[in-house]
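Undergrad: Below are the chains, spelled out letter by letter.
6 protein chains.
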Amino acid sequence: MFYHVKELQYRAKPERPDPVYAKKLQEILGGQFGEISVAMQYLFQGWNTSRGLEKYRDLLMDMGTEELAHIEMLSTMIARLLDKAPVKDQEHAAKNPVMEAIMGGMNPQHAIVSGLGAMPADSVGNRWTADYIIASGNLLADFRANLNAESQGRLQAVRLYEMTDDRGVKDMLSWLIARDTAHQNQWMAAIAELEAQEGRVVPNTFPRELQKQEVAYAFMNLSAGEESSAGRWASGKSMDSMGVFQYVQQPVPFAKKPTIPPAPPSLHNTPPMLR
Amino acid sequence: MFYHVKELQYRAKPERPDPVYAKKLQEILGGQFGEISVAMQYLFQGWNTSRGLEKYRDLLMDMGTEELAHIEMLSTMIARLLDKAPVKDQEHAAKNPVMEAIMGGMNPQHAIVSGLGAMPADSVGNRWTADYIIASGNLLADFRANLNAESQGRLQAVRLYEMTDDRGVKDMLSWLIARDTAHQNQWMAAIAELEAQEGRVVPNTFPRELQKQEVAYAFMNLSAGEESSAGRWASGKSMDSMGVFQYVQQPVPFAKKPTIPPAPPSLHNTPPMLR
Amino acid sequence: MFYHVKELQYRAKPERPDPVYAKKLQEILGGQFGEISVAMQYLFQGWNTSRGLEKYRDLLMDMGTEELAHIEMLSTMIARLLDKAPVKDQEHAAKNPVMEAIMGGMNPQHAIVSGLGAMPADSVGNRWTADYIIASGNLLADFRANLNAESQGRLQAVRLYEMTDDRGVKDMLSWLIARDTAHQNQWMAAIAELEAQEGRVVPNTFPRELQKQEVAYAFMNLSAGEESSAGRWASGKSMDSMGVFQYVQQPVPFAKKPTIPPAPPSLHNTPPMLR
Amino acid sequence: MFYHVKELQYRAKPERPDPVYAKKLQEILGGQFGEISVAMQYLFQGWNTSRGLEKYRDLLMDMGTEELAHIEMLSTMIARLLDKAPVKDQEHAAKNPVMEAIMGGMNPQHAIVSGLGAMPADSVGNRWTADYIIASGNLLADFRANLNAESQGRLQAVRLYEMTDDRGVKDMLSWLIARDTAHQNQWMAAIAELEAQEGRVVPNTFPRELQKQEVAYAFMNLSAGEESSAGRWASGKSMDSMGVFQYVQQPVPFAKKPTIPPAPPSLHNTPPMLR
Amino acid sequence: MFYHVKELQYRAKPERPDPVYAKKLQEILGGQFGEISVAMQYLFQGWNTSRGLEKYRDLLMDMGTEELAHIEMLSTMIARLLDKAPVKDQEHAAKNPVMEAIMGGMNPQHAIVSGLGAMPADSVGNRWTADYIIASGNLLADFRANLNAESQGRLQAVRLYEMTDDRGVKDMLSWLIARDTAHQNQWMAAIAELEAQEGRVVPNTFPRELQKQEVAYAFMNLSAGEESSAGRWASGKSMDSMGVFQYVQQPVPFAKKPTIPPAPPSLHNTPPMLR
Amino acid sequence: MFYHVKELQYRAKPERPDPVYAKKLQEILGGQFGEISVAMQYLFQGWNTSRGLEKYRDLLMDMGTEELAHIEMLSTMIARLLDKAPVKDQEHAAKNPVMEAIMGGMNPQHAIVSGLGAMPADSVGNRWTADYIIASGNLLADFRANLNAESQGRLQAVRLYEMTDDRGVKDMLSWLIARDTAHQNQWMAAIAELEAQEGRVVPNTFPRELQKQEVAYAFMNLSAGEESSAGRWASGKSMDSMGVFQYVQQPVPFAKKPTIPPAPPSLHNTPPMLR
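Residue numbers (the numbering used here), protein chains in the order written: chain A, 974 to 1248; chain B, 974 to 1248; chain C, 974 to 1248; chain D, 974 to 1248; chain E, 974 to 1248; chain F, 974 to 1248.
Mixed in with the good hints, there may be bad ones.
A pair holds if it fits inside one copy or across any two, identical chains being indistinguishable in the list.
When the alpha-carbon atoms are kept at most 30 Å apart in a straight line, the in silico DSS-like pairs for lysine-lysine are as follows [what the hints assert, rightly or not]:
no., residue 1, residue 2
1, Lys-1061, Lys-1210
2, Lys-1057, Lys-979
3, Lys-979, Lys-1143
4, Lys-1230, Lys-1210
5, Lys-1061, Lys-986
6, Lys-1143, Lys-1057
7, Lys-986, Lys-1229
8, Lys-1230, Lys-1185
9, Lys-1185, Lys-1210
10, Lys-986, Lys-1143
11, Lys-1185, Lys-1229
12, Lys-1210, Lys-986
13, Lys-1057, Lys-1229
For the record, the hints were derived by calculation from the structure and aren't laboratory data.
Isolated chain A, as found in the complex (with noise of 0.2 Å):
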């Protein structure tokens, strides 16, 4: 259960008004690495968590309901960015180059769907979908989703922090490139104690002998080229210490050309006898 209180976690002030920048920054609201999608993913991470794993779902709560100030702080910011856009006649705007400019790069849904308000979506307006999160019961595997989600959010973060002068948005942006700092390491922390328990290798219950061995620790060269033979993944031990890497220079089919067998004739495909 949750409660609220109204205060931000940090300030969300710009300067002043930016509408375009406004459209820009609903990036890191609504976008693929957006703040819905790390608060949604970690709060189902968490709720999916089963007992015996408390310090982990405790985790996972925690950092999900800071996602949520922080979705709170990015559509403060942008609602206060999109204040005095300009919004009325495009006729008279078409006469000023500078209200021009900035209704030819607003998103005209700030103006006609949410009325200068922030919207979950993305730069571009592609609604948020939960086809950008994951939450699949390995802990180990979803760490990675997570911190992953952190790297990601914290380049876009910074080159949105790249992109205005407005000294409230770069505090702003300051304070969520430092959360992502500390997130970005607290994911690492937990993934370092799985893998110390577990192994590295996701999932790690699954019996080796079962996998077929002889490829487990191959690189296939299929790229013409072998500039791929000098990285640390082509030679020497494997990570998981399980292996050795081998680096095939030319790789071969391991199999026949397959055949695929006709459907029945009530599905009326091409019928397989045709000359």
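Given the coordinates of chain A, assemble chains B, C, D, E and F onto it according to the supplied hints.
TA: Below, chains B, C, D, E and F alone, put in the same frame as chain A:
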């Protein structure tokens, strides 16, 4: 540019048809972490990798090209599992419990839409979407996405392995599971290489002093109860070696209640003076 | 069964082309509350209305059929607004600020995909989806959906009216806005009729004693601060006349901490005994 | 900013596992009118509410925060219903009709993707999308959307109540159904308050004389047959008290056949002079 | 502008309810090639057809209007097939194998969401999307899309015809299948007319000398094995009579390895100088 | 199984960067008829083609493999067009009209999300979806889909050719346009071959007498006005040579008004006896 040979990378032949299982197997062909996702993700990352990073580009193209072969193997397997599926007369099936069970458990689109062929969709019929993939231009971020994809993918393949006793299916899955082991190891190796050069926080090129340092290693205990204080993420040196984890037991807001400025009258929002 | 006449229900002729505005106008053609949505929503509700409810079915078919005419008017208007859009040489446009402004503000798909025709999409290019509509079989619920659709639709049309000074566009919008006035009134009338017969809570046929009566009129103050206690919803007789509103100042949980049972080993979730 | 406590708002404990029902229950978690939809809808509306409207903002934050607790209750219930789901060997299940029925009726993603956890998806597996929600800046419009959401939501919860005889599930649903009763009443109260101040047509701030008044209260009989003339919407004073309903028995077009201007040659549309 | 009559274009009455088949039949109502797709596709093409092309515009409006009647027939049929569907108590159904089979095979949304009405969705529950349709402004291109739609649509209707022995359903399908025959023939006729005037390659108005002529009739043998050399497409005069097919046995790249320039530092991509 | 070489099939090098055009060019990479669509469509059709149809399978694999090379060319071109895009400080750009125009016309995700790389999305940012493709098992139907895809694809490429005067871009497009010419011709040839064997109506294997023959060649004049009677489709021998086109001037319904049976009370639809 690509070339195709008709032989499969590895055999994809079930012992017997099983249209109910074919539906499930769609998950690792066309689902969020299916083979289409990894193929497209690695190829787009590769094409977007700039000069000076040739070995990573080659790595990505090698792996992306292999994943195309895995799409092919799964498509072949699914088409063969659909062989002899009962697709004709509902009425007669209903009298035969086995037939009926099969028809009830099949994906109806395997008959109506694809004519017993594989589909670019997941195990409940959601079509594949590029919402699933990521290529950011930052390789450390993206390799973390790749490690996650191989982790989730192997987890799903292992679950599917447990759901059948068809030796042909298990044989093919033992190949894919082994390749996922290799790929997890290889992405871990590539990540280790990049982290050694760049540092562990993505992106490493953003000046640390520009982030709000005081919260860059703090853990916010926002879900009542302190089970989360027991983890590695709650105390000690941070994983990037640049800070020390702090556990904030009672996090409070840093900012005041926000207010949102009213929109101009031309948007016909609810007016603010309303009493 | 339907018949079409080529005349428009009302004229849809702009004074002059305006491809930037054409992009915006797409919102009320193919957006969440555009004319495609109301047409499809009313028609599906009508087709699903069962016998004994003929006057509602006829109402729905009357209105759904009218909305098809509105799709037609908007498609026509958009195609005309796109007339003479500068679609050829980027280079030359860049030298002419007006041309450039137009090209920058146009939807590029209006040139590349539809050849200056209207599209079944919103003002940022999201394709129309049946996710937008509802037909539940319960007419009181659905008429509330319809009242909402006409409210949002009129709001958006009014906003678009304010964004142009083309008298032809305004003329057409003044028609659509009036029809939305009529439709809002008509759905309110239909709702009043059904509420008078059925009661105001949807569905009215569920035995009241089967719901947890003690919280059926309570308001939970879960966001700190009690501004919400000042509303009609916080005290007095409930709107269905069956209860009295109560304001719960400090809502507490009614249940204990949940625990989730561990999944079977064959799913390879993180095992619960992990320490 | 939000805080979480681990206790549930109300208990969510089934008498026994039922993975087939778990699939169905997903509808009111992650479907069009599930708890994710109302939580996100109310929170976005709240964050976008401007100053001078504090009591409505608080109302929205109170309710949105409660809906987060309902997401949590449903996620918990679904995970518990999935306990002991038969997820292993297809073959053995096929020999046991009960097992087989369960496996056939389960959502396969509950095993393959979420490891027996709840998913942000509906009862057929469509992922939740922000296409479902609305926050327009006009509170009367949005409260109508909210009343609809609570009406559709309660209807679906009641239908699900009828589809089980598990007393634990019914107990939790009796809570949610009661809360939907409360919320329907509360939105009706808030709507009544706003209508009393603003008038009943959304938006009320648009000058009435700018709409095409002659059709602002007309009903168009576009589906043959006049059953619809029997309704309250067809005659008498309009619901906004500003007009009188008229029933137009034989509606005719008000405009001429439109023609669309040909596109410029550079678009390579079919040329108009074609004979 | 449209008018509706309540009579169906053709009868849509099953011999008996069959909710499992109702789910399947959704495919040709709301699937990729269902009746919603053809209706919307033809209407949008029609509305976008410019002056000088009146007979094609009329053709499109005639057919689009007919498809609206087919949506209506299928909606009616599906609602009738859902009659008497067992939607109540899961428990009791489980004891009755027939009931259980039906409940397992039904689309749960037919009960929970639509109240036994038809839905704008396909046979696995994916909602209809305008991603399915096309209206490009080039009629020859679009009529090819239409011929494809009628081909896929008839194929799916025929498959569904084979999956039932309900004489009422078969009767209705025999109508739709016949209409698809007519429409395939009619689009072929329209295509022949346009090809006779314009030539066969779309668009015909682009100067041939501006394309890379040396590969405009070449076939690239990029999948090992030369089975494809046996087809009409591999040798002889081209279908547009403007060239001669050539079979390139061993296609080679025409260009060098590309390199991608590094992004500016402000994007924080992986830097190119990394070693 | 696939192999990759690093050389491009054809060069993809612009004369100069142009981030606004890069956004537009995304349409033929990741749009409905972009190269991802044809690659995936042909490959899935190929993998699903059954034995006895080897030359068609090879044809599909040859072409699908070529389209992978086109994805690569377009990704490369887009990344190069994005070179030197102004992505940093909004403020400074606003003072420079050229910079500002570029920033306004760019896709913001090219900076924030992909780091100046190509994306699997169309020209307005909609992500690619497998909703765009088809593989039915009936080759005549599918080859018609393919002919349409190459027609729409060439049309879009030609429009994009007209929208730039960059000689490098035009050079690459002249290659793709030529390949689309080849592919249109090749699909026409394959269609001719199949029609010669099977007949022209898809599917040809369904007994003609089972369709409602009396309307199998009729044209329904459902849009007032008889312009459509002037076409080849309205009279004369049908294209399949099996019938004669008839023009039905005043089509009437063949069936009565339908009624829908009421749903059972447990669904809580509006009850039918309501007066």
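Undergrad: For the identical chains here, do Lys-986 and Lys-1143 meet the 30 Å Cα criterion within one copy, between copies, both, or neither?
TA: within (10 Å within a copy, 37 Å between copies)
Undergrad: Should Lys-1143 paired with Lys-1057 be assigned to within, between, both, or neither, using CA atoms and 30 Å as the limit?
TA: both (20 Å within a copy, 24 Å between copies)
Undergrad: How would you label the pair Lys-1057, Lys-979 (within, between, both, or neither) given a Cα cut-off of 30 Å?
TA: within (24 Å within a copy, 42 Å between copies)
Undergrad: Measure nothing new, just compare the shortest in-copy and cross-copy C-alpha distances for Lys-1061 and Lys-986 to 30 Å and report within, between, both or neither.
TA: both (25 Å within a copy, 21 Å between copies)
Undergrad: Classify it for me, Lys-979 with Lys-1143: is the Cα-Cα distance of at most 30 Å met within a copy, between copies, both or neither?
TA: Only inside one copy: Lys-979 and Lys-1143 sit 22 Å apart there, 35 Å across copies, limit 30 Å.
Undergrad: Reference check for the pair Lys-1057 and Lys-1229, CA-CA at most 30 Å: within, between, both, or neither?
TA: between (67 Å within a copy, 22 Å between copies)
Undergrad: Using 30 Å as the alpha-carbon threshold, which applies to Lys-1230 and Lys-1210: within, between, both, or neither?
TA: Cα proximity of Lys-1230 and Lys-1210: none, with 34 Å in one copy and 32 Å across.
Undergrad: Checking an output row: Lys-1230 and Lys-1185, CA cutoff 30 Å. Within, between, both or neither?
TA: within (21 Å within a copy, 35 Å between copies)
Undergrad: Indicate which option fits the pair Lys-986, Lys-1229 if close means a Cα-Cα distance not exceeding 30 Å: within, between, both or neither.
TA: So Lys-986 and Lys-1229 pass the 30 Å test across copies only (11 Å; inside, 64 Å).
Undergrad: How would you classify Lys-1185 and Lys-1229 at a CA-CA limit of 30 Å: within, between, both, or neither?
TA: within (18 Å within a copy, 38 Å between copies)
Undergrad: When Cα atoms must be at most 30 Å apart, do Lys-1185 and Lys-1210 count as within-copy, between-copy, both, or neither?
TA: within (18 Å within a copy, 40 Å between copies)
Undergrad: Within a copy, between copies, both or neither: which one fits Lys-1210 and Lys-986 at a CA-CA cutoff of 30 Å?
TA: Close neither inside one copy (51 Å) nor across copies (33 Å); limit 30 Å.
The structure does not agree with the numbered hints 1, 4, 12 stated previously, though it agrees with the rest.
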